[in-house]
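Participant: In case you want the letters, here they are:
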Amino acid sequence: MLKAKNKLGLVFFPAFDWAISPSHPEREERLLYTLDQVHEEGIADIEGIKFYNPLLADDKDIERVHFCVPDVPSVVTQSHRVSAGGAIAAARAVLEGKVTKAFAVVRPPGHHAHRVVYGDRGFCIINIEAIMLEHIRSTFGPKRVAIVDTDCHHGDGTQDIYWNDKDTLFISIHQDGRTLYPGTGFPDEMGGPGAFGYTVNIPLPPHTGEEGFLYVIENLVLPIIKDYNPDLIVNSAGQDNHYTDPITNMNFTAQGYARLTDRLNPDIAVLEGGYSIEGALPYVNLGIILALAGLDYSHVKEPDYDPEKIKQPNWINDYIKRLCEELYQRWLRKDDAARKMFEGKDFVQRKKRIYYDTIGIMENQEEIIKVCKSCSGYIVIKSKCDLGYSILAITIPRDACPRCIDEAHKTYESADQGDYSGIYLQDRANDEFNIKK
Amino acid sequence: MIIGLDVGGTNIDAVLLKGKSVIEVAKVPYDPSAILEGICEAVDKLTRDIDPGEVKRVNLSTTISTNAVLEGRTSPVGMILESGPGLEASFLACGEENVFLDGYIDHRGQEVAPFSENLVHEASRRFKRRGILAAGIVTKFSVRNPSHELKAKNLLGGDFNPVTMGHALSGKLNFPRRVFSTYLNSAVYDRFNSFAKAIKRAFEERGIKAPVNVLKADGGTMSLAKAVSFPVYTILSGPSASVMGCWILSNFSKDAVILDIGGTTTDISFLAGGVPLLEPQGINIGKYPTLVRAIFSYSIALGGDSAVRVEEGRLIIGPRREGPPAALGGSRPTPTDALIVKGQLDFGNKKRAYLAIKELGQAIGMEPEDVANLILEKMGNMIKEEVEGLLMELNSRPVYTIQELLYGEKIKPQKAILIGGPAKALSSVISQKLKIPCEVPDNYQVANAIGAALSRITAEVTLIADTAQGFMTVPELGVRKRIDRSFTPEEARREAIKLLKERAVFLGALPEDIETEIIEESCFNMVRGFYTVGKNIRVKAQVKPGLISLGEEKVEKDVESKE
Ligand SMILES: [Zn+2]
Ligand SMILES: [Zn+2]
Numbered sequence: 001m002l003k004a005k006n007k008l009g010l011v012f013f014p015a016f017d018w019a020i021s022p023s024h025p026e027r028e029e030r031l032l033y034t035l036d037q038v039h040e041e042g043i044a045d046i047e048g049i050k051f052y053n054p055l056l057a058d059d060k061d062i063e064r065v066h067f068c069v070p071d072v073p074s075v076v077t078q079s080h081r082v083s084a085g086g087a088i089a090a091a092r093a094v095l096e097g098k099v100t101k102a103f104a105v106v107r108p109p110g111h112h113a114h115r116v117v118y119g120d121r122g123f124c125i126i127n128i129e130a131i132m133l134e135h136i137r138s139t140f141g142p143k144r145v146a147i148v149d150t151d152c153h154h155g156d157g158t159q160d161i162y163w164n165d166k167d168t169l170f171i172s173i174h175q176d177g178r179t180l181y182p183g184t185g186f187p188d189e190m191g192g193p194g195a196f197g198y199t200v201n202i203p204l205p206p207h208t209g210e211e212g213f214l215y216v217i218e219n220l221v222l223p224i225i226k227d228y229n230p231d232l233i234v235n236s237a238g239q240d241n242h243y244t245d246p247i248t249n250m251n252f253t254a255q256g257y258a259r260l261t262d263r264l265n266p267d268i269a270v271l272e273g274g275y276s277i278e279g280a281l282p283y284v285n286l287g288i289i290l291a292l293a294g295l296d297y298s299h300v301k302e303p304d305y306d307p308e309k310i311k312q313p314n315w316i317n318d319y320i321k322r323l324c325e326e327l328y329q330r331w332l333r334k335d336d337a338a339r340k341m342f343e344g345k346d347f348v349q350r351k352k353r354i355y356y357d358t359i360g361i362m363e364n365q366e367e368i369i370k371v372c373k374s375c376s377g378y379i380v381i382k383s384k385c386d387l388g389y390s391i392l393a394i395t396i397p398r399d400a401c402p403r404c405i406d407e408a409h410k411t412y413e414s415a416d417q418g419d420y421s422g423i424y425l426q427d428r429a430n431d432e433f434n435i436k437k
Numbered sequence: 001m002i003i004g005l006d007v008g009g010t011n012i013d014a015v016l017l018k019g020k021s022v023i024e025v026a027k028v029p030y031d032p033s034a035i036l037e038g039i040c041e042a043v044d045k046l047t048r049d050i051d052p053g054e055v056k057r058v059n060l061s062t063t064i065s066t067n068a069v070l071e072g073r074t075s076p077v078g079m080i081l082e083s084g085p086g087l088e089a090s091f092l093a094c095g096e097e098n099v100f101l102d103g104y105i106d107h108r109g110q111e112v113a114p115f116s117e118n119l120v121h122e123a124s125r126r127f128k129r130r131g132i133l134a135a136g137i138v139t140k141f142s143v144r145n146p147s148h149e150l151k152a153k154n155l156l157g158g159d160f161n162p163v164t165m166g167h168a169l170s171g172k173l174n175f176p177r178r179v180f181s182t183y184l185n186s187a188v189y190d191r192f193n194s195f196a197k198a199i200k201r202a203f204e205e206r207g208i209k210a211p212v213n214v215l216k217a218d219g220g221t222m223s224l225a226k227a228v229s230f231p232v233y234t235i236l237s238g239p240s241a242s243v244m245g246c247w248i249l250s251n252f253s254k255d256a257v258i259l260d261i262g263g264t265t266t267d268i269s270f271l272a273g274g275v276p277l278l279e280p281q282g283i284n285i286g287k288y289p290t291l292v293r294a295i296f297s298y299s300i301a302l303g304g305d306s307a308v309r310v311e312e313g314r315l316i317i318g319p320r321r322e323g324p325p326a327a328l329g330g331s332r333p334t335p336t337d338a339l340i341v342k343g344q345l346d347f348g349n350k351k352r353a354y355l356a357i358k359e360l361g362q363a364i365g366m367e368p369e370d371v372a373n374l375i376l377e378k379m380g381n382m383i384k385e386e387v388e389g390l391l392m393e394l395n396s397r398p399v400y401t402i403q404e405l406l407y408g409e410k411i412k413p414q415k416a417i418l419i420g421g422p423a424k425a426l427s428s429v430i431s432q433k434l435k436i437p438c439e440v441p442d443n444y445q446v447a448n449a450i451g452a453a454l455s456r457i458t459a460e461v462t463l464i465a466d467t468a469q470g471f472m473t474v475p476e477l478g479v480r481k482r483i484d485r486s487f488t489p490e491e492a493r494r495e496a497i498k499l500l501k502e503r504a505v506f507l508g509a510l511p512e513d514i515e516t517e518i519i520e521e522s523c524f525n526m527v528r529g530f531y532t533v534g535k536n537i538r539v540k541a542q543v544k545p546g547l548i549s550l551g552e553e554k555v556e557k558d559v560e561s562k563e
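Going line by line, the protein sequences match chains U and R. Take the first sequence: its position 330, counting from 1, is numbered 330 in our numbering, and each next residue is one higher. Take the second sequence: its position 177, counting from 1, is numbered 177 in our numbering, and each next residue is one higher.
Pulled out of the complex, with its shape left as it was, chain R reads as follows (with noise of 0.2 angstroms):
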């Protein structure tokens, strides 16, 4: 059996699965500080009535380094940045101490200039004098070339921890962004550290023995050991929870539109051939864009809860929420108080939310049932409008081949997935504003947890290779080493797929679950005169986000039926 748990905002989402079937659900309101006691208590209504012996795997998303982040509650950061030629880069002194190298390596990832290690030294006593602890390294182009991090690393001795290095977290160009990325990660260390002991204790009480994974914001997890190193990928995941349920309770193979209604938000994600969209670069976590791998998803202030007033004899919903919706005692009427009109939706005082839809419709000069219908009919244009500009800006992401331009594929739904409170509700108003087929999954309720509790490991690894310097480097896993000048994309393709293997293995990967692929792939002839001196060859590979595979359960138990 396996436990997901997915932390919300103001709930504790949780589902008991035997393989892809719901045993159990719990939905839990929870004290922001107090995640691990909701946490427990989530568990605890789910294992009521089995042995937790039987829990082979417990994957959760959690909102602790999120909320760190977002109330400012992070440790302080030493910096160690080498900028080098380009932009000015005082706007990259996130840390409470910045230090800047005076080293420089270019974009083929040739060391220009090296840095004076006094300046090293300079950081680790500054750092000190302020009772700093938790330390970031970043050098411009570290992902073509991760020396200079590694060697500050060294200088810097054994005096810190964490010391987040920029290469490792990411295989991407971009500087500022693995700037941002490595001060999170170590900003937010202690306090997701000293969540994951406190967690791995509580479960253990419980008689818990299962490996615990953690969601990642690409809808991957990785196991909360190894999590411990990279908090930073567990930012953000909420989403990425959701759109995962959604995948894998559809179904669906094709471009589709997902969209999760709240009560005062919509977020908005597609499936891309059937496989979640990630961002392009990375998420954006409070002021700070990173380099952090995400499910795309963009958030409107539109929910059930949507305040609706009017205004020149003009309805408008939103952007606020002012209270419950007028059923529930609230003192606006909501799109919730609209569905209850039409009854379409059960619940509260239907008394309460007609009386003020009436009063809207006063104003206007409407009947409480056509007042009822506008505010749907509107609530749809404004999705329909948000999900066409999306597209629009999807579909002309920046491509760099006449292939890609000429050929490349464009996202374009052919159905609407619907999850939170009133999917079911504005699926009909849904489906004819966006002109496709509207699906509202079973157990949609919980499929953030269900997202959580099926994801699996994931993990990519980035591997250039320059035969005419010699070296193939690896960022993600600090790999930079001798090639033959005669390396061939062929053997790029399978040293990619074999690191990644070992990268999946050690960020706790089963290997039934670890099905790689190959997701980006050039090789470019390098001609300096008139005489071709080399290939610039790059691969990047992942392990394909999905399923985890559910034939664990059943084999254990034939080994069981065995003794």
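Extracted from the complex, chain U is given alone in its bound form (with noise of 0.2 angstroms):
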């Protein structure tokens, strides 16, 4: 019998009872073949891999991470605490030293999800690796962790709730978002005064293969990861850089995820996107699977597999080679950089439009954050949208120093309700969540 060399723990859940709507590649259907490989490989009988069922994010678990508008309640149906559950219930697994390593294979996805969340955008409504790494370091205590994504849309919800913490290393591997949703993800935006330049976005062009991919893990990723030393790594394994996924357009394949997730080592992986329901999840999955376990994966190959056919042109290999070379120095050269820009500022202040696609509204945001040299300095957002909503949101991060906690407090308890629909602050020093309404 088969013996995985590292002990794995899975959570599987496909959610077959639930959809955004019927023909929505958010659907029931999504993960069914997936489950059937996994069940006809026999996954389930090899020594050492564990199946967990997932467990249930609260209102803490999400106000942790999240301002939803106008509550919790409102905007988080069952089925995205039961996905968030799932990756909470993985990182448990191999916090408590259940398993080493563990992968969530849930949905619906959640790496879209921003701080501030009215519904629901690119299928996502809370970010699931967040609320399961805040979940994880409320639980068993502070943890400095890499968030690998590798899904093929730039994952700018986690890159906006990690932009001014550096106990949070955000790398995110997309397809360039000036050709794909969310449109974002340049090499520019590097992260906010707390934490500069440990956002690290790889923007990669269409059509880029295994040999782009790899190549970007092992000149790029793995020195940035081992410079930071981090105590845990998430990889969002999101699986729409594939060949065959319907709405991208890369070259990458199964052999090349599970090749990737080798040389990444993550502890914990957590499903994100992916919509080629039969040409690459079943064999992502599986492959994304027998590699985490240590397992033989070579003879993991989508059934119409033909490298000569998915080869990458031959300019994308030198352009990915100058952007590795030009990131990795970016990289070594943050700290003078962050000096340059936030040296005698009080606050910085960004303005964003954020679209959601799936329930076409638009909101209008504006944040400040507190330039501190004791502490990452706390957050003021202030944000409207299409709905009618206008908030005032504070957010005081888990470092803050107690000039910070005292100035954030101030700022919510002076706020007159007559000009918010609601004003919301996080106490993530003392794991608190207020609202004035």
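These aren't lab readings, by the way, just hints derived from the structure by calculation. Keep in mind that the hints are not guaranteed to be accurate.
[As the list claims (entries may be wrong)] In the EDC-like style, the derived pairs of lysine to aspartate or glutamate whose C-alpha atoms are separated by at most 20 angstroms in a straight line are: (1) R:Lys287 x U:Glu47; (2) R:Lys226 x R:Asp513; (3) U:Lys301 x R:Glu88; (4) U:Lys98 x R:Glu393; (5) R:Lys535 x U:Asp17; (6) U:Lys50 x R:Glu393; (7) U:Lys7 x R:Glu393; (8) R:Lys287 x U:Asp45; (9) R:Lys540 x U:Asp17; (10) U:Lys50 x R:Glu279; (11) R:Lys540 x U:Glu29; (12) R:Lys535 x U:Glu29; (13) U:Lys301 x R:Glu111; (14) U:Lys301 x R:Asp102; (15) R:Lys378 x R:Glu367; (16) U:Lys7 x R:Glu88.
With the hints as a guide, dock the two chains, each given alone in a separate frame, to form the complex.
Facilitator: Now the structure itself:
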């Protein structure tokens, strides 16, 4: 019988009774053939691989990460709590020492969900990795974590949430935002004053294949992670870089994903996108599972796999090589750059327009981050959207200094309820959440 | 009248029933190398005072196939496997010869690539060269499309017997388990076949013309004639005989835990909603995980004869048996001795039991009566911990819908049903530990034989309809046929029930025993691009496990009286 080299926990939850709408990519059928493949391969019988059911993310888990408007119960459905709870169950299995690695194959995904949430965008409502991670931190203590997002779309939500948190290194590898939703994720998006350079965006040209992805992992991602030396590596394991994916333009493969997983060696992987439900997902997920378990994945290939057909064009090799060099230089010089940008400033302001494609609304946001020498600084967000909400939201980071805590609380208390539909305070230093309506 | 026989590890338990009442009981020690002789002796004892012609049915649970596997007395098997992309498959080479085909069928049952026929001819040559007669053919996803298995069997020709095909054994997905189940089925075929022939002859000699059924591990039966093709189903049917017996005798319709406390082991099973709980995938046979449907049964090394000793001032029970209880001349005290000291069992040499327990007590400074209590207390705790651990695991089996995750039923036993030698004596301590009432059914000493006697023929079928492809597959029957694009879930249900009934009759069921139910059902819209291209419908139907209908004897008697 087979035995896994690494003890692996699997949360496999296909949510066969939930869809955004009957013909939406995020529908009941999405993981049907993948589960068939996992069952037929007899994965559950491999010694050292154990299946877990999802937990349920509660309001507190969600409020550690998000400002849901008007509140959590109004925007978050049970299916999203289960999906985030699936990621939590996977992470807990690792942190409690039951397994050495875990993979949450759950839906719906979460990496497009920003800190402020009005509803569904990019098939996501709440950010399942961030909710998992903050649950872990509040249960098992502080952790330095690297999140590597290998979904084809820019992980803009995760970037937004960890923009100013240098205990969370966020690396996103994705199809160039000039050619794909959500249109962000360029190298100059590098983080706020408290964590400048800890957001690393790696936009790749359409048709990048195995060679390109593995080059990026080997020559950029792994060196950065080595420098950063995290306690945990989390992989947002979206699978829409696959050559058969219907909504993207990349040339990646099941073998490529398995090798990427093998090299990256994450502690926890969480499924994100991936909508080639027959041609890709059964094989990509199998490849990732075997790679995580330390088993032979060399026979995992799509039935129509043809390396010649999906070879990336030559110019992409050169392009990616140059990109990796440039980005690694940025990583090395991030502290100098931060000093030049933020020295002498009290606050840094960003204006954002965030489009909710699934529900068709536009949000206008102004984010003000306190520049503080003693901590990463509190954040004040003013946000309005087409639904008629206008909110003030204040975040106190986990590492906040007493002065920042004090200033943030004063801002919350003195804000006039007449000016906003809701005033929110997320105090991560004291693990509290308050709303004035 | 019905005869029920359960061939156990050391004894054959047998009952003669009229309706549900026990007319005669026999317990016959036997030599495992002479199972047939043992069975005949038991049958002769039961039928001493009746006309053997009055026996209307014989149901038996036998260890013949189990022993063949556990003792390695099986036939060599040539395996033909097709694994396609996925796990590296060399670990599946369980036959004496193994040939891998180069084709592939995918998860939807679509042929991705045909296999080269030469490989099957090559396999045939290799098997023959080594004198292998038994063959097994298993292809990945054959339960979605059995055509490669069927084609390979055709190519193999008539030179091999048996040729077991994976899809015929189970409708479940799990290629490795399908491979091992298929291998075992072919490997025990010969032994079971000669046993079946011998039984048939022996019963005929005795004037018993009744149909003979054999018990399966899932608590159902099948006719002896059909069992010859599926001997793998008869492996490890022993625990299911006991569970079916408990179920029948207790007639409990809610959740319960069933404890069969023997000399060296205690077997733990459950009723869920009044029905015996099954293994989720299938039973493990020796080192092989299989797809053989089986009643869930977990064995712990703790029984009435487990040796009790003191280690570093602490009482330890088991895990080994080191001879019989002290009361019967053994060298070590046992829980049975403790029960004798407490006056709850009455046999053997009580003084020896007392002295053995007293000696234990001296090692830890306790009075014999207190030691006896402590032993039982400890035994109760050990059983409680195991039961709770199993429940925790069973109640966290993976689910796939939000509905099941949030509102799914959990097993919560409201009663313990106890059988086995020390069952009566232990019932109060078990009840106290598990905090639920405890029942020791009447006739509990022969619950296993009663279970075998009254179990009915069961069957299941799996139907997968893919209306986008326009195909319907029922693997257990080797069916793959065209369907209309408008095929509906209702039609799928109807079709499944119809095929299930045919299957049950084929396996020997009487029409009045075929109580069918749909046990799993799902229907997925298949969308490609922005269009719905079809439905993926999955239905599983089974003959409810249960009691044979006891009306037949009455009916036949009415007929007789008219003559
Ligand atoms: Zn994506
Ligand atoms: Zn501060």
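Participant: Which earlier hints turn out false for this structure, listed by number in ascending order?
Facilitator: Violated hints: none; all satisfied.
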